[in-house]
Amino acid sequence: MDIIVCLLLFAGLFFFTGGAVGILRFPDFYSRLHPAGKLDTLGLLLALIGLALFNLHHFSLGTLLTSLKIILIAVFVFLASPTATHAIVDAGVRAGLAPWTKGEKRR
Amino acid sequence: MWKRESHLLDKKEQKNLRTGDLGNSNKGRPAIENPQSRRLFFYPFFLTFIIMCGTWVVLSGKFDPFHLSLGLISCGIVAYLSCDLLFPSPKIRGLLGQWARFARYIPWLMCEIIKANLHVTYLVFHPRMMELIDPKIVKFRSKLESDLALVTFANSITLTPGTITVSVSIDGDFKVHAIDKASGDPLPGAMEANIAKAFGEV
Numbered sequence: 019m020d021i022i023v024c025l026l027l028f029a030g031l032f033f034f035t036g037g038a039v040g041i042l043r044f045p046d047f048y049s050r051l052h053p054a055g056k057l058d059t060l061g062l063l064l065a066l067i068g069l070a071l072f073n074l075h076h077f078s079l080g081t082l083l084t085s086l087k088i089i090l091i092a093v094f095v096f097l098a099s100p101t102a103t104h105a106i107v108d109a110g111v112r113a114g115l116a117p118w119t120k121g122e123k124r125r
Numbered sequence: 051m052w053k054r055e056s057h058l059l060d061k062k063e064q065k066n067l068r069t070g071d072l073g074n075s076n077k078g079r080p081a082i083e084n085p086q087s088r089r090l091f092f093y094p095f096f097l098t099f100i101i102m103c104g105t106w107v108v109l110s111g112k113f114d115p116f117h118l119s120l121g122l123i124s125c126g127i128v129a130y131l132s133c134d135l136l137f138p139s140p141k142i143r144g145l146l147g148q149w150a151r152f153a154r155y156i157p158w159l160m161c162e163i164i165k166a167n168l169h170v171t172y173l174v175f176h177p178r179m180m181e182l183i184d185p186k187i188v189k190f191r192s193k194l195e196s197d198l199a200l201v202t203f204a205n206s207i208t209l210t211p212g213t214i215t216v217s218v219s220i221d222g223d224f225k226v227h228a229i230d231k232a233s234g235d236p237l238p239g240a241m242e243a244n245i246a247k248a249f250g251e252v
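Protein chains in written order, with the numbering used here: chain A, 19 to 125; chain B, 51 to 252.
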């Protein structure tokens, strides 16, 4: 059980790191949103599943409810994260920022 | 964005008004005069009420009569006010089947998300990342019809890494920002087919 929890947490951390590095490395606003908005979503999902499992270590009604709440967080993030990303991209398009294309200098 | 969407909705309602089809536009609550519409109001209300009660119990975690009765009262009020938000069309027949189909769509989506996440992580850590990526805006027209299917499709595109939905029109015109060729090319493809299946629009 502990091994599964550790694996899930480390996988989550790996994707979080990927997201952070991606924000620094990608060339422009739009491509930076790719790792920022979504590697984080999967990282968060894995980390939360790990925590929910760890919380069920001493099984009782109270811990079960807490685990359900943790899963609820994941559900709401899955609904909210793409919507927020879409809103940010839409704001960029409306402000008239042209996407970076291959061969340009990075911004 | 919200303003535009509400405007679009208004347009749709106007269209409904013109054709005399009031089935889908929920301006105000269904009138409770004849038994038919009372039943149409009751089912969405009851389903919303059950969902709200489940959420209340999970979030409060207290089972004494005082907290439970408080929960019942507030769930009743919220369900009365907002049942037409959760179930916009009062067609209840086939709702369970629709949920079952949607539940089958979720594991497929998770699988796609994980595959695509690994792809973007590979791009992020690749030393010559700048040569691999080739961002461009992909435009296509979707065959999906209902609003809910379009929203699900747009959110699924954004959830799978490598692609972000830039804009959707109510007719199904998509603009998608794709990070490289491999993420942009499969669109709309399999995902659209699966969503069409999930919403019964095959």
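Don't take each hint at face value.
No farther apart than 35 Å at their CA atoms in a straight line, the calculated lysine-lysine pairs in the DSBU-like style are these [claimed, not checked]: (1) K112(B) x K165(B); (2) K165(B) x K193(B); (3) K186(B) x K165(B); (4) K186(B) x K225(B); (5) K87(A) x K186(B); (6) K112(B) x K189(B); (7) K247(B) x K87(A); (8) K87(A) x K112(B); (9) K186(B) x K112(B).
Pairwise CB distance ranges (calculated) [to be verified]: (10) F77(A) x A240(B): 28 to 34 Å; (11) I106(A) x H176(B): 21 to 27 Å; (12) Q148(B) x G80(A): 31 to 37 Å; (13) D223(B) x A105(A): 32 to 38 Å; (14) A232(B) x F77(A): 41 to 47 Å; (15) A105(A) x R191(B): 21 to 27 Å; (16) L97(A) x Y130(B): 19 to 25 Å; (17) A243(B) x D20(A): 37 to 43 Å.
Since the hints were made in silico from the structure, they are not lab data. Glycine included, C-beta positions come from ideal geometry on N, C-alpha and C.
Results of checking the hints against the structure:
1. K112(B) x K165(B): Not OK: K112(B) and K165(B) at ~41 Å, beyond 35 Å, violated.
2. K165(B) x K193(B): holds (25 Å)
3. K186(B) x K165(B): holds (21 Å)
4. K186(B) x K225(B): holds (10 Å)
5. K87(A) x K186(B): Violated, at roughly 39 Å.
6. K112(B) x K189(B): violated (51 Å)
7. K247(B) x K87(A): holds (31 Å)
8. K87(A) x K112(B): holds (14 Å)
9. K186(B) x K112(B): Distance of about 52 Å is beyond 35 Å: violated.
10. F77(A) x A240(B): 28 to 34 Å: Between F77(A) and A240(B), where Cβ atoms are some 40 Å apart, the hint is violated.
11. I106(A) x H176(B): 21 to 27 Å: Holds - the Cβ-Cβ distance for I106(A) and H176(B), about 25 Å, lies within 21 to 27 Å.
12. Q148(B) x G80(A): 31 to 37 Å: holds (35 Å)
13. D223(B) x A105(A): 32 to 38 Å: violated (19 Å)
14. A232(B) x F77(A): 41 to 47 Å: Since the Cβ atoms of A232(B) and F77(A) sit about 44 Å apart, the hinted range of 41 to 47 Å holds.
15. A105(A) x R191(B): 21 to 27 Å: Distance hint for A105(A), R191(B) holds at roughly 23 Å.
16. L97(A) x Y130(B): 19 to 25 Å: holds (24 Å)
17. A243(B) x D20(A): 37 to 43 Å: holds (41 Å)
Hints 1, 5, 6, 9, 10 and 13 from the list above are not met by this structure, while the remaining hints are.
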